[in-house]
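Q: Listed below are the residues making up each chain.
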Amino acid sequence: MYVAVKGGEKAIENAHAWLAEERRGATDIAELSIAQIREQLSLAVNRVMAEGSLYDPDLAALAIKQARGDLIEAVFLIRAYRTTLPRFGYSNPIATGEMACDRRISATFKDAPGGQVLGPTFDCTHRLLDFKLAAEGEVLAAPTAHPRTGATPHITEFLKGEDIIQDEPASDATPGDLTREPMEFPSTRPLRLQSLTRGDEGFVLGMAYSTQRGYARNHAFVGELRIGKVVVEMDIPELGFAIDIGEIEVTECETVNQFKGSKTEPPQFTRGYGLVFGQSERKSIAMALVDRALRWEELGEDNLGAPAQDEEFVLSHADNVQATGFLEHIKLPHYVDFQSELELVRKLRREAEERNASQEAEPSERGPL
Amino acid sequence: MNEYNFAYLDEQTKRMIRRAILKGLAVPGYQVPFASREMPMPYGWGTGGVQVSAATLTPKDTLKVIDQGADDTTNAVSIRKFFENTAGVETTEETEKATVIQTRHRIPEAKLREDQIIVYQVPIPEPLRFLEPRETETRKMHSLEEYGLMHVKLYEDISQHGAISTAYAYPVYVSDRYVMDPSPIPKFDNPKLEMDAIQLFGAGREQRIYAIPPHTKVVSLDFEDYPFEATKAEHCCDLCGAEDSYLDEVIMDDAGNRMFVCSDTDYCRSRREAGHMGRLAGENAA
Amino acid sequence: MNPLLQVKGIEKRYGARIGCRDVSFDLYPSEVMGIVGESGSGKSTLLNCMAGHLQPDAGQVIFDTRADGPVDTVTMSEPERRMLSRTDWAFVHQHARDGLRVTISAGGNIGERLMAVGERHYGAIRGRAIDWLGRVEIDETRVDDRPSAFSGGMQQRLQIARNLVTGPRLVFMDEPTGGLDVSVQARLLDLLRGLVREMGLSAVIVTHDLAVVRLLADRLMVMKDGHVVEAGLTDQVLDDPQHAYTQLLVSSVLQV
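Protein chains in written order, with the working numbering: chain A, 45 to 413; chain B, 11 to 296; chain C, 123 to 378.
Rather than coming from a laboratory, the hints here were simulated on the basis of the structure. A virtual CB, placed ideally from N, CA and C, is assigned to each residue, including glycine. Don't take every hint at face value.
As the list claims (entries may be wrong) - Computed footprint of chain C on chain B; a stretch qualifies when at least three of its residues, placed anywhere within it, have a C-beta under 8 Å from a C-beta of chain C:
hint, segment
1, 159-173
2, 231-239
Unchecked claim - Pairwise CB distance ranges (calculated):
hint, chain 1, residue 1, chain 2, residue 2, range
3, B, 98, A, 234, 47 to 57 Å
4, B, 187, A, 375, 46 to 56 Å
5, C, 151, A, 211, 27 to 37 Å
6, A, 110, B, 204, 40 to 50 Å
7, A, 211, C, 301, 38 to 48 Å
Claimed, not checked - The calculated lysine-lysine pairs, modelled on DSSO-like cross-linking and capped at a C-alpha distance of 30 Å, are:
hint, chain 1, residue 1, chain 2, residue 2
8, B, 242, B, 163
9, A, 391, B, 121
10, A, 109, A, 375
11, B, 202, A, 391
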């Protein structure tokens with residue numbers, strides 16, 4: 045009658061085969077190519093690169109295909125692959141001031157050197173389903189113009205020139221590496237920023253939103269948001285100088301936040317910073333707001349007990365690969381733990397019933413509870 | 011999977027993990043932070059145990075992997091296969107033959123030997139976590155040996171339920187110094203924590219490794235008048251008749267009839283092979 | 123007789139601002155010292171420096187320990203100081219919630235210090251918790267209730283029981299009656315006076331309420347702008363204040 049469950053290995057293999065079939069979907073429909081995903085689902089690709097912490101659009105597209113479009117699963121595939129890659133070294137800091145901007149806007153100044161460049165944005169589109177896309181028509185070519193040459197200076201540089209924004213002291217200290225050292229608290233700003241830039245977009249967005257709604261409000265203006273390509277340089281010791289090793293697209297957001305001042309210090313604006321792989325406006329703005337909220341101590345503000353001010357809370361829960369793994373592990377067998385609780389609850393109930401029975405028999409005696 | 015190093019992790023990473031293991035053995039029960047790697051399996055599914063096993067295994071080792079005491083639960087099968095593919099080590103289901111045993115939630119019934127290593131998968135390594143969620147606080151409590159709160163929890167259990175109501179992951183006091191989470195093993199297994207084998211604990215997501223060297227004093231927290239009890243279902247195994255093993259409860263039919271079987275599948279099998287029979291053994295085809 | 127506590131030249135600054143400066147006094151066994159002053163006078167800063175919650179910028183807080191005699195607790199290691207603060211010292215917060223664990227039963231709250239110093243007999247812990255509930259006039263049937271279900275006065279009495287259960291030799295109190303109704307204050311003061319006498323406690327009480335010090339304190343220090351402007355026997359200071367500020371304090375009470 046009872047046969048112990050066996051054959052787990054076969055069951056797993058069959059489940060995986062079925063999964064592969066489901067991933068492919070109906071075979072009379074053309075299969076997606078990696079290039080199609082890379083080119084046509086580029087914001088999904090960007091998100092997977094950002095949260096997977098690996099800049100490689102083709103691998104990200106492959107991961108999205110393999111994960112059936114589940115982006116957290118795709119991020120996970122990228123992270124697991126990334127860990128196995130050898131480290132050749134660290135690049136020099138990228139110079140975002142030299143960025144060739146596809147988009148550059150400021151909410152603080154109507155115009156500034158470099159101008160307001162809208163770029164390819166959903167902003168001001170009417171969110172009406174475009175049924176023409178269902179007909180697989182060709183898109184009309186967008187008008188073109190000659191790109192502006194020369195660097196686009198950061199908006200905050202102008203404020204810094206006036207000495208009206210808090211200074212970010214430069215440091216040549218090598219920042220810690222989140223993926224090479226265990227996270228310990230209290231952390232440092234470089235590690236916080238690393239954690240936020242690879243953090244789950246939804247989580248970082250929610251945290252940022254909470255600051256806007258009054259949970260440690262820090263009143264942010266988007267000083268500048270820019271998207272474009274930057275050159276990555278690396279020092280080659282054998283050569284004795286730095287060489288270009290490639291180009292990446294990033295989104296950078298600097299917020300200008302509520303000013304502070306004291307008897308000794310004149311009032312000045314403060315700032316938050318967000319930098320994310322690819323085009324990722326929502327994430328970079330959210331990151332800047334959360335970065336700013338986490339700086340309360342450094343900027344001499346009060347801890348209001350808000351979630352977004354709590355470094356240990358934010359950083360411990362921002363990673364969606366960690367979160368989803370731990371969340372989903374509760375579907376694994378827990379027979380043994382459950383059995384031990386089952387026995388315990390039965391025993392406690394038995395004892396409670398016995399106590400009640402003896403109390404009814406001897407109403408004068410008081411039970412221990 | 012030839013493109014990967016022996017046991018998947020690169021040698022640099024394995025050295026880093028071995029250093030953490032050695033530190034853990036030198037300070038029994040102390041949680042050593044380590045730079046946990048992202049493994050090709052989800053956090054919470056044994057990534058800590060897998061990394062510790064990977065750093066521990068040598069090509070000559072024989073590996074056994076159990077989950078809930080059984081060799082054939084899906085996650086145990088998956089982890090065993092991972093090491094078969096990446097390390098090519100021999101694997102076994104027999105506790106006796108294994109040199110390294112990776113486990114989730116159980117300690118085998120058979121007494122482990124000095125030449126064996128048992129690796130536990132740990133979800134939450136911090137025994138104080140549910141009393142104090144902050145790492146910064148709990149680390150201070152450990153360093154100052156401020157463990158009063160741990161007994162307050164047990165006190166509250168008794169005052170509310172008349173008994174200590176922790177059934178698994180029952181906290182222990184290691185070598186008269188650190189309070190430690192033994193991973194979610196049932197408290198039935200706690201007395202076995204004083205053993206001859208090396209015990210290593212890996213928590214991947216939480217980035218901690220800790221250890222109990224052989225023959226270390228391990229005491230389950232309790233009160234003098236409410237002493238620790240290692241309990242199990244008050245039955246014998248219905249297949250092998252064992253009275254001393256931890257039992258799984260299985261619902262057999264719509265009427266809710268139950269049977270009890272050893273959770274340690276290898277222990278049960280070896281007893282049946284030796285001719286021991288339980289209540290339902292005759293009816294069992296397996 | 124040796125002083126139990128010798129405070130020498132305590133100074134604490136917050137940037138350029140002075141928290142308290144150049145405060146010195148001795149406290150003898152079974153003596154109660156009251157510290158009065160308006161808010162911002164530095165009295166709470168001083169108390170927190172003495173109790174080890176704040177690191178003073180200068181000065182010594184020498185405590186006559188059981189094992190090693192007089193030791194400067196400012197330079198003591200943190201484990202030693204924490205050990206002191208859960209055995210021979212006690213700290214009663216103004217807001218009971220700061221000194222209680224609100225999610226733990228009254229019995230667990232009282233028992234915590236006992237367990238922290240190694241008591242491992244449930245029955246004995248519970249017995250002493252019930253005994254202490256009686257001593258602070260809380261019905262023993264409330265032993266398994268959480269303090270969140272208690273009134274403000276009861277919470278404050280529970281906090282006192284939780285602090286005194288290990289028989290400390292020195293109690294720091296920060297406005298122990300602050301924020302309570304007047305009738306509740308009177309009852310609490312009576313209770314405190316009884317316990318202080320009965321247990322021979324030494325205590326340092328910070329308050330802005332002169333009635334509290336008149337009832338409890340043997341000696342009195344008056345603080346203003348971070349330093350002590352007047353000190354002496356309580357009755358003497360209150361009945362014949364010398365410093366203009368003390369005179370103002372005393373007269374403002376009389377007017378009420």
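Q: If a hint holds in the structure, say so; if it does not, say that too.
A: Hints, one by one, checked against the model:
{"no.": "1", "hint": "159-173", "in the structure": "holds (count 8)"}
{"no.": "2", "hint": "231-239", "in the structure": "holds (count 5)"}
{"no.": "3", "hint": "B/98 to A/234: 47 to 57 Å", "in the structure": "violated, 40 Å"}
{"no.": "4", "hint": "B/187 to A/375: 46 to 56 Å", "in the structure": "violated, 36 Å"}
{"no.": "5", "hint": "C/151 to A/211: 27 to 37 Å", "in the structure": "violated, 55 Å"}
{"no.": "6", "hint": "A/110 to B/204: 40 to 50 Å", "in the structure": "holds, 47 Å"}
{"no.": "7", "hint": "A/211 to C/301: 38 to 48 Å", "in the structure": "holds, 43 Å"}
{"no.": "8", "hint": "B/242 to B/163", "in the structure": "holds, 22 Å"}
{"no.": "9", "hint": "A/391 to B/121", "in the structure": "holds, 28 Å"}
{"no.": "10", "hint": "A/109 to A/375", "in the structure": "holds, 25 Å"}
{"no.": "11", "hint": "B/202 to A/391", "in the structure": "holds, 23 Å"}
Hints 3, 4 and 5, counting from the list given before, are not met by this structure.
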